[in-house]
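**Student:** Sequence:
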Amino acid sequence: KNINEDLFWEEINEVVSLKKNITPQNLTWKDLMESWLTQKGYPVINVSPNYENGSLQIYQKELNGNVWWVPLKYDIIDKYGNGIQKLIWLKDSNLSQTFQDEDLKESSHSLYPVIFNVNHTGYYRVNYNDDNWKRITHYLLRNHSRINKYNRAQLIDDSFYLASRGLLSYVIPFNITTYLPNEDQPLIWITFFEKLSEITSKTFRIENDDKLKGFFMNITQKLFDIYHEEYLESKDFLHKKLWQLSTQWSCKFDNSKCIQRSLLAVEDWMKNITQIPNEDIFEASICTAVRNGNESLWDFVATQYLSVDKSDQLLAGLACSTNNTIIEKYLNMTRENQTFNSRADFVFDKICETQNGRSSFIDFFQNEHEQLSKLNNFILRYDMEQTLYKVLELSDSKTRFEEVNNCY
1 KNINEDLFWE
11 EINEVVSLKK
21 NITPQNLTWK
31 DLMESWLTQK
41 GYPVINVSPN
51 YENGSLQIYQ
61 KELNGNVWWV
71 PLKYDIIDKY
81 GNGIQKLIWL
91 KDSNLSQTFQ
101 DEDLKESSHS
111 LYPVIFNVNH
121 TGYYRVNYND
131 DNWKRITHYL
141 LRNHSRINKY
151 NRAQLIDDSF
161 YLASRGLLSY
171 VIPFNITTYL
181 PNEDQPLIWI
191 TFFEKLSEIT
201 SKTFRIENDD
211 KLKGFFMNIT
221 QKLFDIYHEE
231 YLESKDFLHK
241 KLWQLSTQWS
251 CKFDNSKCIQ
261 RSLLAVEDWM
271 KNITQIPNED
281 IFEASICTAV
291 RNGNESLWDF
301 VATQYLSVDK
311 SDQLLAGLAC
321 STNNTIIEKY
331 LNMTRENQTF
341 NSRADFVFDK
351 ICETQNGRSS
361 FIDFFQNEHE
371 QLSKLNNFIL
381 RYDMEQTLYK
391 VLELSDSKTR
401 FEEVNNCY
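In the numbering used here, the protein residues as written are 1 to 408.
FYI, nobody ran anything at the bench for these hints, they're computed from the structure.
These numbers were taken from a predicted model, which means no experiment stands behind them.
Some clues are possibly wrong.
[To be verified] List of simulated lysine-lysine pairs, DSS-like, C-alpha gap at most 25 angstroms:
1. Lys202 - Lys213
2. Lys240 - Lys257
3. Lys222 - Lys149
4. Lys310 - Lys271
5. Lys213 - Lys241
6. Lys134 - Lys211
7. Lys91 - Lys30
8. Lys195 - Lys211
9. Lys202 - Lys241
10. Lys213 - Lys257
11. Lys257 - Lys271
12. Lys79 - Lys91
13. Lys202 - Lys350
14. Lys235 - Lys213
15. Lys30 - Lys73
16. Lys310 - Lys329
17. Lys73 - Lys105
18. Lys61 - Lys79
19. Lys329 - Lys350
20. Lys40 - Lys61
21. Lys235 - Lys149
22. Lys202 - Lys390
23. Lys329 - Lys240
24. Lys213 - Lys195
25. Lys235 - Lys310
26. Lys235 - Lys211
27. Lys30 - Lys40
28. Lys30 - Lys86
29. Lys240 - Lys222
30. Lys79 - Lys134
31. Lys271 - Lys235
Go ahead and model the full structure; you've got the sequences and the hints to work with.
**Tutor:** Laid out in structure tokens, this is it:
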């Protein structure tokens, strides 16, 4: 085994040696790869360019203290929109390392950035100092297509990830996204929506935040209009996916066109039960219509549960109502209606995704707790208690904690 392994590295070294300046002096490819083969995780590379003196201060960080030999390929953008790409090796050390690069001085009196991890081929994340993040934001607004599309996706992905770990202010990823109305690459938009899904489920609650809704609606409005005019019947996977996502999020941001189209789709369904809303945006259409429609519309949708293939999406859509009376009715149906009782855990989870729903669920739990204690429906009781734990994790109301505590 050892002989074969040694021969393997010898062959690698022989191939690499044919190219100049690929590896640091006096190090074999085995030396460079050992840390990647024996350690879990990946590094976060922190880069602080100094454009005045032409230097790069770089260090790596990982939660468990692991370090790697890291090949860093970077691109210095100049005033002509050209790039100077270079390769340096970061040593397997926690210490900060400084690299001199005279080409950086060319950008000292401008706002042109340096971009690390060219084409996003390296297995690491990148954080920059405030100055370079500002330069990147400015350049994206000015000439985003000059930065490779994979790097544009990386900048969105890395910045939101770093912010979620407390390593970066959320102001930076929010500022970066302001260029997106000019973006035409589905990959970048899909990356953005993935990060949006993460932060709105963990950090930001957009349902009652009109400023945040307005901010994101301004970013996505142009995309929604384009995809509903030009890609409605597209068979391309990425275009179809982006059409779905743009509809889903535009409706969440209370886009008036999205609301109007969703209500019309469900109203047409009420007139003709064979005219079911488009299956690709079924949940978004149902959710938006329920959130903005009346009780008779909700009642109709509820009666269609056994008639549609996407029954889970229909159940999720029913939970979008902002009417407390309707949500109370929906919760009671999990106890009184056998059809809905069998999916009580799913219904509870969906209702509790909104602040209004969580409040209604706690009221429901308080009212039903004593009765449930007397019943032999252990599954329903278990589902309610499991959901309650999740609700309390999301609740920021001390009063609610005390109210629930009094039930026991």
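**Student:** Now tell me, hint by hint, if it's right for this structure.
**Tutor:** Results for each hint:
In summary, the hint linking Lys202 to Lys213 is supported, as the alpha carbons are separated by about 16 angstroms, within the 25 angstroms threshold. Straight-line distance between C-alpha atoms of Lys240 and Lys257 comes to about 19 angstroms, which keeps the hinted pair within the 25 angstroms bound. Proximity of Lys222 to Lys149 is assessed by CA-CA distance (about 19 angstroms); at most 25 angstroms being required, the pair is judged to hold. This hinted pair checks out: Lys310 and Lys271 have alpha carbons roughly 20 angstroms apart, not beyond 25 angstroms.
Of the supplied pair hints, the one linking Lys213 and Lys241 holds, its CA atoms being roughly 22 angstroms apart against a limit of 25 angstroms. Taken as a hint, the Lys134 and Lys211 pair is honoured in the structure, with Cα atoms around 23 angstroms apart against an allowance of 25 angstroms. Only pairs whose Cα atoms come within 25 angstroms are accepted, and Lys91 paired with Lys30 is accepted, the gap being roughly 14 angstroms. In summary, the hint linking Lys195 to Lys211 is supported, as the alpha carbons are separated by about 19 angstroms, within the 25 angstroms threshold.
For the suggested pair Lys202 and Lys241, the alpha carbons sit about 23 angstroms apart, so the restraint of at most 25 angstroms is met. Among the hinted pairs, Lys213 with Lys257 is consistent with the structure: their alpha-carbon atoms are about 15 angstroms apart, no more than 25 angstroms. Simply put, Lys257 and Lys271 have alpha-carbon atoms about 21 angstroms apart, close enough for the 25 angstroms limit, and the pair holds. This hinted pair does not check out: Lys79 and Lys91 have alpha carbons roughly 31 angstroms apart, beyond 25 angstroms.
Proposed proximity of Lys202 and Lys350 is supported: the alpha carbons are some 15 angstroms apart, at most 25 angstroms. Note on Lys235 and Lys213: the hinted pairing is violated, with a Cα-Cα distance of about 30 angstroms set against a maximum of 25 angstroms. About 20 angstroms separates the Cα atoms of Lys30 and Lys73, which keeps this hinted pair within 25 angstroms; it holds. Distance hint between Lys310 and Lys329 is fulfilled; the C-alpha atoms sit about 22 angstroms from each other, no more than 25 angstroms.
Distance restraint check for Lys73 and Lys105: the Cα-Cα separation of roughly 18 angstroms lies within the 25 angstroms cut-off, and the hinted pair is therefore satisfied. For the hint pairing Lys61 with Lys79, the CA-to-CA distance comes to about 32 angstroms; that exceeds 25 angstroms, so the pair is violated. For the given pair, Lys329 sits about 15 angstroms from Lys350 by alpha-carbon distance, which is consistent with the 25 angstroms threshold. Distance restraint check for Lys40 and Lys61: the Cα-Cα separation of roughly 13 angstroms lies within the 25 angstroms cut-off, and the hinted pair is therefore satisfied.
Our distance criterion of 25 angstroms between C-alpha atoms is met by Lys235 and Lys149, whose separation comes to about 22 angstroms. Among the hinted pairs, Lys202 with Lys390 is consistent with the structure: their alpha-carbon atoms are about 12 angstroms apart, no more than 25 angstroms. Restraint check for Lys329 and Lys240: the C-alpha separation of about 36 angstroms exceeds 25 angstroms, so the hint is violated. A threshold of 25 angstroms between alpha carbons decides the hint, and for Lys213 with Lys195 the separation of about 15 angstroms falls inside it, so the pair holds.
With a C-alpha separation of about 21 angstroms, the suggested pair Lys235 and Lys310 falls inside the 25 angstroms cut-off, and the hint holds. Between Lys235 and Lys211, the direct Cα distance comes to roughly 35 angstroms. Violation of the 25 angstroms bound is thereby established for this hinted pair. The suggested pairing of Lys30 with Lys40 holds, with an alpha-carbon distance near 17 angstroms, which does not exceed 25 angstroms. A hinted pair counts as satisfied when its Cα atoms are at most 25 angstroms apart, and Lys30 with Lys86 qualifies at roughly 23 angstroms.
Simply put, Lys240 and Lys222 have alpha-carbon atoms about 16 angstroms apart, close enough for the 25 angstroms limit, and the pair holds. For the suggested pair Lys79 and Lys134, the alpha carbons sit about 16 angstroms apart, so the restraint of at most 25 angstroms is met. Taking the CA atoms of Lys271 and Lys235, the gap is about 29 angstroms. The hint is violated against a cut of 25 angstroms.
Going through the hint list in order, the structure does not satisfy hints 12, 14, 18, 23, 26 and 31.
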